[in-house]
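Q: The chain contents come next:
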Amino acid sequence: MSSPPVTGPAAVREHRGGPGPARFRPRRTPPAGAARPARRGVLSYWRQYLAISPFYLIFTVFSFGPVFYSLYLAFQRYDGLGTKQFVGLQQFEFLWNDPVFWLSIRNTLVIWVLSTVPTLFGALVLATLLHSVRRFKGFYRIALYVPNVTSIVAVAIFFGAVFSNDFGLVNAILGVVGIDPVPWLSDPWLIKVVIALLMAWMWTGYNMIIYLAGLQAIPQSVYEAARIDGAGPVRTFFRITIPIMRPIILFTVVVSTINGLQSFSEPQVLFASNAANQNLGGPGQAGLTTLLYFYQSAFLDNDYGYGAAIVWAFFVLIIVLVVINWRIVQRGRKS
Amino acid sequence: MTATATTRPVKGARRPRRPKGLGTHALLVLAVVISVFPFVWTIVMATNTTRDIYQSPPKLTFGSHLLENIRNVLDTIDFFGSMLNTVVVACVTTVLVLFVDSLAAFAFAKFDFPGRKILFGTLLVFMMLPLQLAVLPQFILMSEVGWVGMLKALVWPALSNAFGIFWLRQYIENGVPDELLDAARIDGAGFFRQYWNIALPMIRPAMSFLAIYAFVGAWNDYVWPLIVLTNPDHVTLQVELAQLNVGHNTDYSMVMAGVLMASLPLVIVFSVFARGFIAGATEGAVQGT
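Chains A and B, in that order, are what the protein sequence lines are.
Residues 1 to 335 (the working numbering) are what the first sequence spells out, left to right.
Residues 1001 to 1289 (the working numbering) are what the second sequence spells out, left to right.
Quick caveat, the hints were computed from the structure, so don't treat them as lab data.
Be careful, since some hints might not be right.
Heads up, incomplete: computed chain B residues facing chain A, CB under 7 angstroms, no partners named [as the list claims (entries may be wrong)]:
hint, residue
1, V1036
2, F1113
3, L1133
4, I1278
Below 25 angstroms or equal to it, Euclidean Cα-Cα: the simulated SDA-like pairs (lysine to any residue) are [what the hints assert, rightly or not]:
hint, chain 1, residue 1, chain 2, residue 2
5, A, K137, B, V1036
6, B, K1059, A, N165
7, A, K137, B, P1205
8, B, K1117, A, P54
Negatives, chain B to chain A, calculated, CB over 10 angstroms [what the hints assert, rightly or not]:
hint, residue
9, G1063
10, I1070
11, R1071
12, L1074
13, V1095
14, G1115
15, L1151
Just so we're clear, the structure is a prediction, and the values are computed from it rather than from any experiment.
Glycine is no exception: its CB is placed at the ideal position from the N, C-alpha and C atoms.
With the sequences and hints as input, model every part of the structure.
A: Shown next as structure tokens:
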């Protein structure tokens, strides 16, 4: 999916809850001693309302309204042409008994775990390494971030070529070593591994930049104190860096959950040659993610009501997972 | 960056740590190689013939067939037409995002108007929602007003993204001193003058960050153009690229030349602005502590 409307650092700051340095702290109230102006009426703020109105008009029409309208659609039968027909919970009942939906949920979860865990771990390690060096820092940051600005389509085509069963570079290299070709793009598990590798390649640098910002904010005196107390680098990392970074790690976990579960373009492009037939998501539909199934139901089968039901059920799943992840990271703090 | 500079240990203390530093660089260079390899390998594939790639073991060096492959791409798809579409959409989106978001962010950052908290909170909540919740109704809306297949259908949903406001508000709160605005107010500058003459010039770094962010996002967007641009002759670069892959995925070298041509402009733009972009991305977090 295209990158989310959230980049970390700003939100990280919000999470950390730390107020800015005193000189930057906004002062909305006049200094003590000054006469407090009388509270003004709503109308006297018409300029401010005018200033935010362009955004809120667009937001209402293209974001706020549509979200609720899709909830409404989830209770209808509608093909986009005829009339809508209220069907109550039928779409959700069908969903509950739809094996393809559950397959897509399983695929999405597996791909998400396979990609998120290495991504966040790798990002944290890289950020720690990068934080400790002084030379070429700028170069490393840019070179490691570049994958995140390349288009998913280009990356997916590239991965498709490199992991191709017959002519891919990976199998060619394996062949030189004497290993038989591996069916990367037809084995149900390997399909997921390839998609997860793709996502990890794209998102490790992004998370690394966020972690790096967090590391730079840790005062050096903390590390000096640890060194004086005789803590080695590994111990320092687990006992000091990780606990201090917990809010930022929490943030990246939440973003990666929201983000990683929305994989769509990767399998869509990777197995695009099958788009015409019902094997969307590759052989055995092993790369069929929930959003890909949503796309198929809504835009290829024109079943709008069912599409809306899928996407709302999916949203509930995301919330559940975010809450679970939140709990896990929070509990780690207490122990 | 300043933090590392001030904590630089004395020269003598550095010496014994040299070998460890080398290992760190080795690991980082390895990561860079992994991160850059796809670009290099794309060039290798794009400069060779498909036969060279297919043979076993494949050719690992740069070839001389790049122009031929590019010509094949141009003969097969309307590359520059779709690129023009993408450029237009990305530019229009970026300019509008900058204007609309900065105006709203300024109001949110510096004025305590009634309803401010609720309005802003709504944005935060909607920023966390998956975009796909709105996609279907957006498509229905577009077909109601007859915009399906048209480029303007791409711009408006992109504008409804609240990230820019969230980002700029943060920056304005910290970066534009109230004293300056107060002084301007005393001199008789109204809200819009304060916005245009004081706030805007001061938030230029945040604006350039947002500009790159919005431009890259619009350039790389795939899902929504795929859904809404129903006329296959009138699509954006990413959709065209995916179509090239579908129709000709046996001719790797040509497809890879297309990938190269489609990615290169953005990688160049990013490399030029990268320093400021990444500094902008980290600034919020560093400032916050």
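Q: Does the interface hint hold: is V1036/B within less than 7 angstroms of chain A, judged Cβ to Cβ?
A: OK, holds: V1036/B within 7 angstroms of chain A, min 6 angstroms.
Q: Would the least Cβ to Cβ distance between G1115/B and chain A come out above 10 angstroms?
A: 8 angstroms, violated
Q: Straight-line Cα separation of K1117/B and P54/A no greater than 25 angstroms?
A: OK: K1117/B and P54/A at ~18 angstroms, within 25 angstroms.
Q: Between the alpha carbons of K137/A and V1036/B, is the straight-line distance 25 angstroms or under?
A: Holds, because 16 angstroms separates the two Cα atoms, which is no more than 25 angstroms.
Q: Can the restraint linking K137/A and P1205/B be considered satisfied, given a maximum Cα separation of 25 angstroms?
A: Between K137/A and P1205/B the Cα gap is close to 21 angstroms, so the pair holds against 25 angstroms.
Q: Hint L1133/B vs chain A: min CB-CB distance below 7 angstroms?
A: This interface hint holds because 5 angstroms falls under the 7 angstroms limit.
Q: Measuring Cβ to Cβ, find out whether G1063/B lies farther than 10 angstroms from everything in chain A.
A: 15 angstroms, holds
Q: Is I1070/B truly not at the interface, in the sense that its beta carbon sits beyond 10 angstroms from all beta carbons of chain A?
A: Non-interface label on I1070/B holds, nearest chain A Cβ at 15 angstroms vs cutoff 10 angstroms.
Q: With a cut-off of 7 angstroms on the beta carbons, see whether I1278/B makes it to chain A.
A: 5 angstroms, holds
Q: May I ask you to check that L1151/B keeps its beta-carbon over 10 angstroms from the closest beta-carbon of chain A?
A: It holds; L1151/B is separated from chain A by about 15 angstroms at its closest Cβ, greater than 10 angstroms.
Q: Is it correct that the beta-carbon of L1074/B has no partner in chain A closer than or equal to 10 angstroms?
A: About 17 angstroms separates L1074/B from the closest Cβ of chain A, which puts it past 10 angstroms; holds.
Q: Does N165/A sit within 25 angstroms of K1059/B, going by the straight-line distance between their CA atoms?
A: 17 angstroms, holds
In this structure, only the earlier hint numbered 14 is contradicted, and the remaining ones agree with it.
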